[in-house]
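**Student:** Sequence:
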Amino acid sequence: MKHRSLLSILCFLLIIRFRVAQVSAQTCTDDNGNFRPNGTYDANRRLILSYLPSNVTTHDGFFYNGSIGQEPNRVYATGMCIPGTTREICSECIRIASDGLIQSCPNQTNAYTWPGDATLCLVRYSNTSFSGSADLDPRVLLYNTGDITSNQTEFTTIWEGLLGRMIDAASTAKATPSSSNNHYVADSAALTPDRNIYALMQCTPDLSSADCENCLRRSAVDYQGCCGQNIGGVVLRPSCFFRWDLYPYSNAFRNITVASPPLQPPVTVPQPS
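Offset between the sequence shown (1-based) and the working numbering: plus 6.
Since the hints were made in silico from the structure, they are not lab data.
Backbone N, C-alpha and C define an ideal beta-carbon position, used for all residues, glycine too.
Honestly, I wouldn't trust all of these hints.
Simulated DEER-style distance windows between Cβ atoms [stated by the list, open to error]:
1) Ser60 to Ala124: 33 to 43 Å
2) Arg171 to Gly39: 18 to 28 Å
3) Arg201 to Asn257: 16 to 26 Å
4) Pro112 to Gly138: 23 to 33 Å
5) Asn157 to Asn40: 45 to 55 Å
6) Gly231 to Arg201: 20 to 30 Å
Turn these sequences into a full structure, and let the hints guide you.
**Tutor:** Structure, rendered in structure tokens:
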């Protein structure tokens, strides 16, 4: 049985409880072995990640797959930013994400991160090709410490309805596999006249519709099974991203119109006898 480091095992089913303000979790694994720091693989890793900001932003779809070096030191890398991101902000997100992986993963041959501050972006590298591959693990699940205090049944109905529509929309191919517009959706639903649910989903655009749907549906089920009573959370996977909260945490929601909440049936007041 191949040895797996403690870091890999911990990252495989990582669940963190915190206030989701900034999403930035570097996930490092050594399933395919480690590399020697400052060796050939490390040099190739640093080189391809250093060019990733410009390689991503020179593509109209803000999505890039590439590789560098010769086996066994070949490094495969991908980077992407969600639609609507400016080139400057996308480039900075990719740069910070790449630097974070280099610092947090000193000798791991596989790593990914989905930082979400000014925008949402993905950076991933590996010593094996993952283009078009639906990779569900290692998974990271983050959730807020606050609990839902309103009617849980009503909330769950609205939450599940929103996510179901979003998974269908995200998994329907809308663009070429080289554009982040493919397999992306941001939407919202009204809970009350003054409170909304905001959610964002993104698969890597090179996934098939079926693989994207499975990745997002698994993320929604995993979150609900773990933390369905908490206000807001994130599920990160190498091939897809899902986040929801009760405030518009991203510029992706600027042009989204929230429908009015469903009307409640009138309450019948009993007459005095």
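**Student:** Each hint: holds or not?
**Tutor:** Here is how each hint holds up against the structure:
Checked against the hint of 33 to 43 Å, the C-beta distance between Ser60 and Ala124 comes to roughly 18 Å, which is inconsistent with it. Checking the proposed 18 to 28 Å range against Arg171 and Gly39 shows it is violated: the Cβ atoms sit about 42 Å from each other. Checking the proposed 16 to 26 Å range against Arg201 and Asn257 shows it holds: the Cβ atoms sit about 20 Å from each other. For Pro112 paired with Gly138, a C-beta distance near 29 Å keeps the hint of 23 to 33 Å intact.
About 50 Å separates the C-beta atoms of Asn157 and Asn40, a value consistent with the hinted range of 45 to 55 Å. For the pair Gly231 and Arg201, the beta carbons lie near 24 Å from each other, so the given range of 20 to 30 Å is met.
Going through the hint list in order, the structure does not satisfy hints 1 and 2.
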